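Novice: Whole structure, please, built from the sequences with the hints as guidance.
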Amino acid sequence: MSEEFNRVDVTEEAAALLRDLTARHGRLMFHQSGGCCDGSSPMCYPVGMFLTGPADVHLGDLDVGLDEPIEVYMSASQFEYWKHTHLTIDVVDGRGAGFSVEGPTGKRFLIRSRLLTDAELVAFGLMPAPEA
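In this note's numbering, the protein residues as written are -6 to 125.
Keep in mind that a hint or two might mislead.
Claimed, not checked - Using C-beta positions, here's what the derived DEER-type ranges look like:
#1 Arg88 with Pro121: 42 to 52 Å
#2 Glu124 with Arg88: 49 to 59 Å
#3 Phe92 with Pro123: 38 to 48 Å
#4 Thr45 with Val85: 23 to 33 Å
#5 Glu124 with Val85: 37 to 47 Å
#6 Val115 with Val40: 26 to 36 Å
Because the hints were derived from the structure by calculation, they are not lab data. In this text, all values refer to a predicted model and were calculated from it rather than measured experimentally. Quick reminder that beta carbons are idealized off the backbone N, C-alpha and C, glycines included.
Specialist: Shown next as C-alpha cells:
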C-alpha cells in the first residue's frame, strides 16, 4: 500500500473562513506570494482574478468541504527555494495583505511551514529511495 503525500494543507479555522469567503466571492484560489509589498503572504483570490501561467507551480489542492477544492500555486522561482517544505495555510487575527479577499474580515491568512520528511522527499523525487 502506498502512502499519499501532499505539499500543502489547511487548518480547520482557515478552512472555515474559506467556506465563508467562497459563499461571498465564489470559487477561490491561493498564490503564495514571493514577498515585497505583501510580505510573503498566501494571497487568496476569486478564481480568474489572478492568472497563473507556465512560471507558476501547482502545489496542490485544499479540501475545505466544498464541491471543488481550492488550488494553491507558487511561482516556479520561489518554489526552487521552498521545494523541501510542506506548507499549511492558517488564519490569525489581523489585517490581510493587498488584494487578498480576507482583508475586510479582520483575519489574515499565513503560512506555517515545516521541512518535508524523508518519506515525502522520496515521494516527491527530491531524494532517492533507501536501498532495501
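Novice: Now look at each hint and say whether the structure bears it out.
Specialist: Checked hints:
no. : hint                          : verdict
1   : Arg88 with Pro121: 42 to 52 Å : holds, 45 Å
2   : Glu124 with Arg88: 49 to 59 Å : holds, 51 Å
3   : Phe92 with Pro123: 38 to 48 Å : holds, 45 Å
4   : Thr45 with Val85: 23 to 33 Å  : holds, 26 Å
5   : Glu124 with Val85: 37 to 47 Å : holds, 44 Å
6   : Val115 with Val40: 26 to 36 Å : holds, 33 Å
Consistency note: the structure conflicts with none of the earlier hints.
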